[in-house]
Amino acid sequence: MEYSNKVMDHFANPRNVGELEDANAVGQVGNLKCGDIMKIYMKIEDDIIKDISFKTFGCGAAIATSSMATEMVKGKTIQEALKLTNSAVVEALEGLPPAKVHCSVLAEEAIKAALADYYKGKGIDPTPIIGCTGDCAHCHGEHH
Amino acid sequence: MDKRFVYADNAATTPVAAEVLSKMLPYFTGEFGNPSAGFYSLGQRAKAAIEEARQQVANVIGAEAKEIIFTGSGTEADNMALRGFMHSKQAKGRRRLITSAIEHHAILHTADALKEEGFNVVVLPVDNYGVVKLDALENAINEDTALVSIMTANNEIGTVQPLREIADICHKKGVFFHTDAVQAFGHIPINVKELGIDMLSLSGHKINAPKGVGALYVRSGIALQSYITGGGQEKGRRSGTENVAGIVALGEAARLKGENMEREMAYVGSLSKRLQEKVLERIPQCALTGHPENRLPGNSSFVFAAIEGETLIMDLNLAGICAATGSACSTASLDPSHVLMSIGLSHERAHGSLRLTLDVMNTEDDVDYIVENLEKILERRRKMSPVWEE
Ligand SMILES: Cc1ncc(COP(=O)(O)O)c(C=O)c1O
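If you read the sequences in order, they're chains Z and L.
Here the first sequence is numbered in the numbering used here, starting from 1 and rising by one per residue.
Here the second sequence is numbered in the numbering used here, starting from 1 and rising by one per residue.
Derived by calculation from the structure, the hints in this document are not laboratory data.
Careful: at least some of the hints might be erroneous.
[Stated by the list, open to error] FRET-style restraints, in silico, Cβ to Cβ:
1. L/N317 x Z/E21: 41 to 51 Å
2. L/K115 x Z/V26: 24 to 34 Å
3. L/K273 x Z/K120: 52 to 62 Å
4. Z/A12 x L/K211: 24 to 34 Å
5. Z/E21 x L/A18: 36 to 46 Å
6. Z/N5 x L/M361: 27 to 37 Å
7. Z/N5 x L/A18: 49 to 59 Å
8. Z/P98 x L/K235: 26 to 36 Å
9. L/P125 x Z/E91: 58 to 68 Å
10. L/G174 x Z/A12: 51 to 61 Å
11. L/G269 x Z/N5: 32 to 42 Å
12. Z/K50 x L/K211: 52 to 62 Å
[Claimed, not checked] Using 25 Å as the maximum straight-line C-alpha spacing, the simulated SDA-like pairs for lysine to any residue come out as follows:
13. Z/K43 x L/D9
14. L/K211 x L/R382
15. L/K383 x Z/S53
16. L/K278 x L/D9
[Unchecked claim] Stretch by stretch, here's where chain Z covers chain L in the computed footprint (C-beta under 8 Å, at least three residues):
17. 244–253
18. 300–308
Because the structure is a prediction, the values reported are computed rather than measured.
Ideal Cβ positions, reconstructed from N, Cα and C, are used throughout, including at glycine.
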């Protein structure tokens, strides 16, 4: 698998790794059978993502996309974070091999899942705001 | 330990040995004759070189030189055996081909193609160690069965099959037996006459000869349908001007492997044992895959919990170590390797697979360097994994 230098950098030295002790938004997508799970922790204050971290089980691209996606929404407002698309993550990573594009989809879904969790925590139904937060039990075939 | 380069993917391919290279080089330049040009000595010498190589290959498996057909790869030898036999008169119109679930794709995809043509293909299951179920084999052989093809040793998990028992069952039932010995040839003793093997595939690049040369042993008396037709080389069984240098290299590599086999098996086996013991002792939540004893001397294959194989390979590469995995992320499909699935591993377990294949070039320091790095990598990456539980 040929990865860009950016992917290799985020794989070798992932940013924002681990759990956030005081997270008030946590989202997890993917499943073990498919071989990728991403879990995102956020600390949100005044609608701003003050801090963020992740834990990922998956291939090199899964780790790199998690790292990049967390970098891209850190310090952003919820509204800005909701606009993050998988293709923006791919672009920021200077491309992904076609078979790995699903990892970027998972990263986008993981961010949305964490934000949905934040709304749920506040008693707000996230579905009208966020829509499907992925984690639809099937594997990532259709993203190939 | 200082950073080093460790090649631990010898099941994928091996480097050309110095002796092999020096023996083959003249056939590119001074000794460039066409073996079919028998009227002058340049051509005669090329022909003689091929015949010497044929004898050298035959010697390693207890065959006769005339029973060896040189091919362009192990894959071609597999294709030749399966297609050539099923389409031959020898098959007597019988339509069933029996193979196993853990074969290399050179066999499985060829069997698929034969199935498309209307042949009846039965794929036998294996046990948790990857050993073909002999009762299933016995039950699968019917009146319509022409050929059984079961690999000598598996490329992913290293399991060696009980060839003699398999051959005995085949012959008792009057069917022919082919084995893909690409991983085993030159690494473990195989005697086709003693074992009762009718056809055997082998490849140069797994034994320190170059890529792109292989051979098929075909027991004398068996006439395969030729499917590369032309100038009638290899007694009409495989036309095309011979890859003289490659064939010379294969012969020389086979000779060296045959002569040094006992010593190399002991050495490589001890390296693998050291590796397996250290990994299993130092790294929590991991297991050896494949048969605990009946396995290739150089193969150590593992599964690690809570980590994905590609991550391991990439981190090992950053540490200068070449290794392989059968995880889904390493394959083009969504599924982990068919071999890992066939031995009953769950998707979850199979995602964390790692194959380290050692050979004569490796040292104890290589092993220790691998273990040291593997330990570090797993500790670091498992901390990043949402599914890791101590
Ligand atoms: C068991 C087995 N069969 C066949 C092959 C194919 O051999 P070649 O690479 O020479 O085509 C390989 C090589 O990976 C193998 O391991």
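Do the hints match the structure? See the list:
As the Cβ distance of L/N317 to Z/E21 is approximately 34 Å, the hint placing it in 41 to 51 Å is violated. At roughly 49 Å, the beta-carbon separation of L/K115 and Z/V26 lies outside the given 24 to 34 Å, and the hint is violated. Our hint of 52 to 62 Å for L/K273 and Z/K120 holds, since their Cβ atoms are close to 53 Å apart. The hinted window of 24 to 34 Å between Z/A12 and L/K211 holds, with their beta carbons roughly 31 Å apart.
Between Z/E21 and L/A18 the C-beta distance comes to about 59 Å, which lies outside the given range of 36 to 46 Å. Distance hint check: the CB atoms of Z/N5 and L/M361 are about 31 Å apart, consistent with the given range 27 to 37 Å. Against the hinted window of 49 to 59 Å, the Cβ-Cβ separation of Z/N5 and L/A18 comes to about 36 Å, which falls outside the hint. Range check, Z/P98 to L/K235: about 46 Å between beta-carbon atoms, so the 26 to 36 Å window is missed.
For L/P125 and Z/E91, the Cβ-Cβ distance of about 46 Å falls outside the hinted range of 58 to 68 Å, so the restraint is violated. Roughly 59 Å separates the CB atoms of L/G174 and Z/A12, a value that falls within the hinted 51 to 61 Å. The beta-carbon spacing between L/G269 and Z/N5, approximately 40 Å, falls within the hinted interval of 32 to 42 Å. Checked against the given bound of 52 to 62 Å, the beta carbons of Z/K50 and L/K211, roughly 55 Å apart, stay inside it.
Proximity of Z/K43 to L/D9 is assessed by CA-CA distance (about 44 Å); at most 25 Å being required, the pair is judged violated. In summary, the hint linking L/K211 to L/R382 is not supported, as the alpha carbons are separated by about 37 Å, beyond the 25 Å threshold. Restraint check: the Cα-Cα separation between L/K383 and Z/S53 comes to about 13 Å, which is no more than 25 Å; the hinted pair holds. Proximity of L/K278 to L/D9 is assessed by CA-CA distance (about 19 Å); at most 25 Å being required, the pair is judged to hold.
Look at the region 244–253 of chain L against chain Z: 0 of its residues bring a Cβ nearer than 8 Å to a Cβ of that chain, fewer than three, so the hint is violated. Given a C-beta distance limit of less than 8 Å, the hint that chain Z covers the region 300–308 of chain L holds, as 3 residues qualify and 3 suffice.
The structure fails hints 1, 2, 5, 7, 8, 9, 13, 14 and 17 (numbered hints given earlier, in ascending order).
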